[in-house]
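Chains P and W, in that order, are what the protein sequence lines are.
Here the first sequence is numbered in our numbering, starting from 1 and rising by one per residue.
Here the second sequence is numbered in our numbering, starting from 1001 and rising by one per residue.
Worth flagging that the hints you see were computed from the coordinates, not collected in a lab.
Treat each hint with caution, since some may be false.
What the hints assert, rightly or not - Here are the computed lysine to any residue pairs in the SDA-like style, where the Cα-Cα straight-line distance is at most 25 Å:
{"no.": "1", "chain 1": "P", "residue 1": "K133", "chain 2": "P", "residue 2": "V9"}
{"no.": "2", "chain 1": "W", "residue 1": "K1017", "chain 2": "P", "residue 2": "I26"}
{"no.": "3", "chain 1": "W", "residue 1": "K1055", "chain 2": "P", "residue 2": "V9"}
{"no.": "4", "chain 1": "P", "residue 1": "K166", "chain 2": "P", "residue 2": "P131"}
{"no.": "5", "chain 1": "W", "residue 1": "K1018", "chain 2": "P", "residue 2": "K166"}
{"no.": "6", "chain 1": "P", "residue 1": "K49", "chain 2": "W", "residue 2": "L1016"}
{"no.": "7", "chain 1": "W", "residue 1": "K1035", "chain 2": "P", "residue 2": "G39"}
{"no.": "8", "chain 1": "P", "residue 1": "K49", "chain 2": "W", "residue 2": "G1107"}
{"no.": "9", "chain 1": "W", "residue 1": "K1017", "chain 2": "P", "residue 2": "N38"}
{"no.": "10", "chain 1": "W", "residue 1": "K1035", "chain 2": "P", "residue 2": "E47"}
{"no.": "11", "chain 1": "W", "residue 1": "K1035", "chain 2": "P", "residue 2": "Y41"}
{"no.": "12", "chain 1": "P", "residue 1": "K49", "chain 2": "W", "residue 2": "I1102"}
{"no.": "13", "chain 1": "P", "residue 1": "K166", "chain 2": "P", "residue 2": "P96"}
{"no.": "14", "chain 1": "W", "residue 1": "K1086", "chain 2": "W", "residue 2": "M1001"}
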Amino acid sequence: MVIDTLKCVGCSDCVVACQTENDVPIGYCRDWITETVNGSYPTIELELKSERCNHCDNAPCVRCCPTGASHQLDNGIVLVTGNECIGCGACIESCPYDARYQHPDGYVDKCTFCHHRLEKGQLPACVSVCPTKCMYFGDLDNPNSEVSKLLKNRKHKTLAPEAGTKPQVYYLT
Amino acid sequence: MHTFSRTANNPNLNDLKKENDLWVNPKVARILGIKTGQYVWLKNQDDVTSTFSIKVRVTERVRWDSVYMVHGFGHDNKKLTRAYAKGINDTQLISKIAVDPIMGGTGIRGNFVTILTENPHKNIEI
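Can you make the complete structure from the sequences, with help from the hints?
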């Protein structure tokens, strides 16, 4: 996933779309908006980002799961098999991005990149509703994909690279 | 955040933002001795006082001579169970207006507020 921070306005459409698409209970969220302000008036820099699970290539949440409920698919998407999860919460603590939460039904939940939609050839809900079209999703292993080309042509960053998790959500800056 | 007054009680929108904040420049906050998270009341030039209180957000994103709040909060109808008494109503504080006699355009920027840190309604039942 590639997100253009220069176009995000922090409208939170992505948050509500995800809650609606994935039956996320009110009071919880799989994605959220962050607002970072630097400088002092009138010289201010503002960065708005939509954050979620980064489906890391080196995911601590998969490594620390005692039952294997937290697992990674071949395409890189990290998922939780709800009925194998014992709700121990180790994964929640291990995530440097605070991406996971304890669902009231007992299992641990997080962004799934809407893989149920990907299977039907659709985009994740958040990407498809974004009104500024600042979100992109595709195959980074394909050098000709839109997301690969964006990373080649634009300055970008990931979150907490020092954690060594190799996150797969990139922010264009 | 809200539109046409009718989204105020929406559960998803309330989850995103249950009340508005008052954006206060850090220099002003320092002079007045107010901090982020504190609740204050606003009083305007015509002595109109906000019915409810609003949470302060100290931020560089606002000028020292202004405060900002998101419109669409401070509802006083108890039937709006999620929205009632959350944040304050900016339009309540707009008591001075100038109306263009030809096209009706309304100037509302002649309204100035004072920040009150003590509840001005203590002796009144709302």
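Here's how the hints hold up against the structure:
1. P:K133 / P:V9: OK: P:K133 and P:V9 at ~11 Å, within 25 Å.
2. W:K1017 / P:I26: holds, 12 Å
3. W:K1055 / P:V9: holds, 23 Å
4. P:K166 / P:P131: violated, 28 Å
5. W:K1018 / P:K166: Judged against 25 Å, a Cα distance of about 35 Å means the pair is violated.
6. P:K49 / W:L1016: holds, 15 Å
7. W:K1035 / P:G39: Cα-Cα ~19 Å, so holds.
8. P:K49 / W:G1107: Distance of about 35 Å is beyond 25 Å: violated.
9. W:K1017 / P:N38: At roughly 23 Å apart (the allowed maximum being 25 Å), P:N38 and W:K1017 satisfy the hint.
10. W:K1035 / P:E47: holds, 23 Å
11. W:K1035 / P:Y41: holds, 18 Å
12. P:K49 / W:I1102: violated, 45 Å
13. P:K166 / P:P96: Roughly 11 Å between the alpha carbons, so the hint for P:K166 and P:P96 holds.
14. W:K1086 / W:M1001: Within the cut-off at roughly 14 Å; holds.
Violation of the numbered hints given earlier is confined to hints 4, 5, 8, 12; the remaining hints are satisfied by the structure.
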